[in-house]
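Each chain, letter by letter, is given below.
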Amino acid sequence: MAYNRRVILRTDRASRACYQTDGGQVVYGFPDAVVHPRSPEDVARVLQLAQREGTPVTCRGGGLTTEGESVGRRGILLDLKGMNHLLECDGHTAWVEAGMTWHQVAEALRPRGLDYTSAPLNMLSTVGGTLGVGGIDVNSPRYGCAADQAVELEVVTPTGEIRRVREGNNDGNNDAADYLERVLLGYGQFGVITKARIKVRPYHPMTVRHFLYTDIGIALSDMMRLVDADAVDACAVLTLRDDVIALIVGFERNASDLTDFTLQCLPEAIVIAKLGAQYAFRPWKWRDLAFLRRRKAELLPALHDPLFVRDGVVHDRTVVFSRLIWRYWGGPQVVIPDLAITRSNFETAARRGIEVCKRFFPYFTLYAVMIRKFGNRPRYEMSAIPTTADAHVCGIEFSPLLEGARYSRDHFQQFKNAIYDVGLDIGGSYYRFGGVMKPYIRRMFGDEMVDRHRAMKQALDPAFILNRDAVFDPPAAA
Amino acid sequence: MAAGADGNSLNFSDCIGCGLCILGCPAYEETGFDALTARGRNKALQHGLPAEEMVEPIWACTLCGYCDAICPTHVHNVEIVLHLRRSLVAQDLSPGEDVAQDFSPARDGRAEAPHYEDGRGKALETTARALVLGCTIRDRAPHLIPTIEEFLKRIGRPAGPVDDGCCGSLDVEAGRALPARLKAGVVVDPVCLEQYDAEFLGTLAMQHLDLFRFTAPFYYFAPHRIINRDHARTYPLYDALRRRFNCDMNFDLNRLARSTSAGSVQGLSGRDARDIPAAVSRLLEHSAAEQIITCSPADYLAFKAYSGRETLFITECLR
Numbered sequence: 002m003a004y005n006r007r008v009i010l011r012t013d014r015a016s017r018a019c020y021q022t023d024g025g026q027v028v029y030g031f032p033d034a035v036v037h038p039r040s041p042e043d044v045a046r047v048l049q050l051a052q053r054e055g056t057p058v059t060c061r062g063g064g065l066t067t068e069g070e071s072v073g074r075r076g077i078l079l080d081l082k083g084m085n086h087l088l089e090c091d092g093h094t095a096w097v098e099a100g101m102t103w104h105q106v107a108e109a110l111r112p113r114g115l116d117y118t119s120a121p122l123n124m125l126s127t128v129g130g131t132l133g134v135g136g137i138d139v140n141s142p143r144y145g146c147a148a149d150q151a152v153e154l155e156v157v158t159p160t161g162e163i164r165r166v167r168e169g170n171n172d173g174n175n176d177a178a179d180y181l182e183r184v185l186l187g188y189g190q191f192g193v194i195t196k197a198r199i200k201v202r203p204y205h206p207m208t209v210r211h212f213l214y215t216d217i218g219i220a221l222s223d224m225m226r227l228v229d230a231d232a233v234d235a236c237a238v239l240t241l242r243d244d245v246i247a248l249i250v251g252f253e254r255n256a257s258d259l260t261d262f263t264l265q266c267l268p269e270a271i272v273i274a275k276l277g278a279q280y281a282f283r284p285w286k287w288r289d290l291a292f293l294r295r296r297k298a299e300l301l302p303a304l305h306d307p308l309f310v311r312d313g314v315v316h317d318r319t320v321v322f323s324r325l326i327w328r329y330w331g332g333p334q335v336v337i338p339d340l341a342i343t344r345s346n347f348e349t350a351a352r353r354g355i356e357v358c359k360r361f362f363p364y365f366t367l368y369a370v371m372i373r374k375f376g377n378r379p380r381y382e383m384s385a386i387p388t389t390a391d392a393h394v395c396g397i398e399f400s401p402l403l404e405g406a407r408y409s410r411d412h413f414q415q416f417k418n419a420i421y422d423v424g425l426d427i428g429g430s431y432y433r434f435g436g437v438m439k440p441y442i443r444r445m446f447g448d449e450m451v452d453r454h455r456a457m458k459q460a461l462d463p464a465f466i467l468n469r470d471a472v473f474d475p476p477a478a479a
Numbered sequence: 125m126a127a128g129a130d131g132n133s134l135n136f137s138d139c140i141g142c143g144l145c146i147l148g149c150p151a152y153e154e155t156g157f158d159a160l161t162a163r164g165r166n167k168a169l170q171h172g173l174p175a176e177e178m179v180e181p182i183w184a185c186t187l188c189g190y191c192d193a194i195c196p197t198h199v200h201n202v203e204i205v206l207h208l209r210r211s212l213v214a215q216d217l218s219p220g221e222d223v224a225q226d227f228s229p230a231r232d233g234r235a236e237a238p239h240y241e242d243g244r245g246k247a248l249e250t251t252a253r254a255l256v257l258g259c260t261i262r263d264r265a266p267h268l269i270p271t272i273e274e275f276l277k278r279i280g281r282p283a284g285p286v287d288d289g290c291c292g293s294l295d296v297e298a299g300r301a302l303p304a305r306l307k308a309g310v311v312v313d314p315v316c317l318e319q320y321d322a323e324f325l326g327t328l329a330m331q332h333l334d335l336f337r338f339t340a341p342f343y344y345f346a347p348h349r350i351i352n353r354d355h356a357r358t359y360p361l362y363d364a365l366r367r368r369f370n371c372d373m374n375f376d377l378n379r380l381a382r383s384t385s386a387g388s389v390q391g392l393s394g395r396d397a398r399d400i401p402a403a404v405s406r407l408l409e410h411s412a413a414e415q416i417i418t419c420s421p422a423d424y425l426a427f428k429a430y431s432g433r434e435t436l437f438i439t440e441c442l443r
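If you're matching them up, the sequences are chains B and A in order.
Quick note on the numbering used here: the first sequence kicks off at 2 and runs consecutively.
Quick note on the numbering used here: the second sequence kicks off at 125 and runs consecutively.
So that you can see chain B by itself, here it is in the shape it has in the complex (with noise of 0.2 Å):
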């Protein structure tokens, strides 16, 4: 138990055993062996022995895909969650390694007054594997995904290569910022970002208040109107079933009750009115009202615990959002299929999501944000961000509340495969597209778009060893 020794390769059973599955536990596998790299040179060793063998790599930080695509089901699993530290802050940016976590990032960035830009609510993800897949907050109205945070990555190619990217001129070497924009939402794919510059800015606690509707088109439409005007830090739309919806809005310094707004919203006496109207003749769904009670009592203790709240303030939101995802969302099995639309399909994309929940499962929720835009980005392309020339996309996840059932996988799968046609037919892309959800890439983006990414790949990666088959068909299969 010499813990203090710089340990590289584990094959052990233990040590295997604990990447067997993801955040979704729908997909299992099992690495012949773990690697813990502690820096930039480890990962490129491991990847040049990797590229020269043929064995398949398979990067995972916090583990928290939900389709497989962090789960080795053969070769070599890479966890960078060991490359963990702040390097340097100048109050603007901070260049962090890329196996931080989101909350080791806020931990040491709260000393010194600040906080990251915009980051997933789920602070266990880490830094490199966010910036792969995009990372959505509360704020991303205002600030975009996370990956548009980062202005500089240190990434190591799937040759072991090791390179220095920023944004803007790289000394005008254009293949650099190409491949800047090649990495950032390029899943994993082109390269392994190790260490990253984000953009920072000074903490504040948020105040957080609700709006309650009983339409989700109405819902959604007062959030496109507040995101319009610049009327709010953070914003969401969050469901219990289409039953009861809460529009939530933040605010950092200022608390506005929004009177400039004629919200179309609900006061909360006339939503139980409406419920009770509904149920009450209606016993065989006496079932389904406890269920509304019962979340409403998880939910609303948790953005009032007395340990983050004060003076009606809620200090690190971020904690307080992450810990309550887990409760509201967590479970044995988690399935999380999603849609990202543009502004006009918005409502479509709920209505028919919703229809879709209800013929799989009895209780769900749905959460709706949106995603500021930077004009065309190239990294935009086959991404989670929809071609549209908007300023902002919009995005919803679709959540079965399992409350305790069991399911098999085939029927999640008929089920998020329900959820993705709806995609298909209104236009769009998804956040979740690799792993087990791979077919319908192609299907998305088409052929050609499909083939130029994957080209790129195998001029970047020629053995296709790095995250093979989550998102393009291996040479043997393709």
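These are computed hints drawn from the structure, not numbers from a lab.
Every residue, glycine too, gets a C-beta built ideally from N, C-alpha and C.
Wrong hints could be hidden among the right ones.
Quick look at which bits of chain A chain B covers, simulated, 3 or more residues with Cβ under 8 Å [claimed, not checked]: (1) 209-217; (2) 341-351; (3) 374-385; (4) 422-430.
According to the in silico footprint, chain A covers these stretches of chain B (three or more CB under 8 Å from chain A) [unchecked claim]: (5) 12-24; (6) 60-73; (7) 304-317; (8) 327-334.
Given chain B, put chain A in place with the hints provided.
Here is chain A on its own, set in the frame of chain B:
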């Protein structure tokens, strides 16, 4: 492994793999190895691994209780580790001999203490108002004992020391005994808390702050086992201290307490199984306080040895 010997469910199947437990896990902080965390152990158990294939993850745990406190599905991680340790000891797969070498003077008495034969602390049945002096304080900081008695007198607590042999906490950690769960009055060392339901010296101090003189700025190292084990009751006490004196403390953003690992088998073994200097350095990384105050003897020694800053035991702050 369906249920523990004491009848409590070993509910590792309830682990949903969220990873919240790794945020403050000392073993993880030091090594970055998932396998050594509660999530790692639970996933391995879910995979069907027997204890003998998990020797390292089982002995890596410092029983700090962070994982139990933060787990959204209420997995009893500490209980699982203790159960697995007993299982390993039964198979002669413990680091017992190494630990014994470091505690050789006290260990003989500990091993022969009759009230641990049945693991239920028979000898303590009549000591409901006892002051229990932990192994670490007696063995490593004996000069503090009179001060503690003085402290107890001043706060009007009865003091009937039971220090004729180890309180048994190290036996519990090493898998040689079961937690006794007896009412024991005041416990000095948080290591002992696996053995007794008892008030803790540091918690008592928080209830009698006016007896102390604290000079800001200082860093108060709160007893992590106490806080993480009974968070709802104890955290407000320490938070009140923080608000009153604006001192730095070992709480993270989850309001849970981080540890040095010093008050554990790993920390005490002296085999460098835990990098205590590195843990001390991490804890103090963002604190400019030149004075450190602690109410745990093991942590007192850790900070005194490795922080390079003035370190006081809480009783030294008595007015």
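Q: Could you tell me which of the numbered hints above are not met by this structure, giving the numbers in increasing order?
A: 1, 2 and 4
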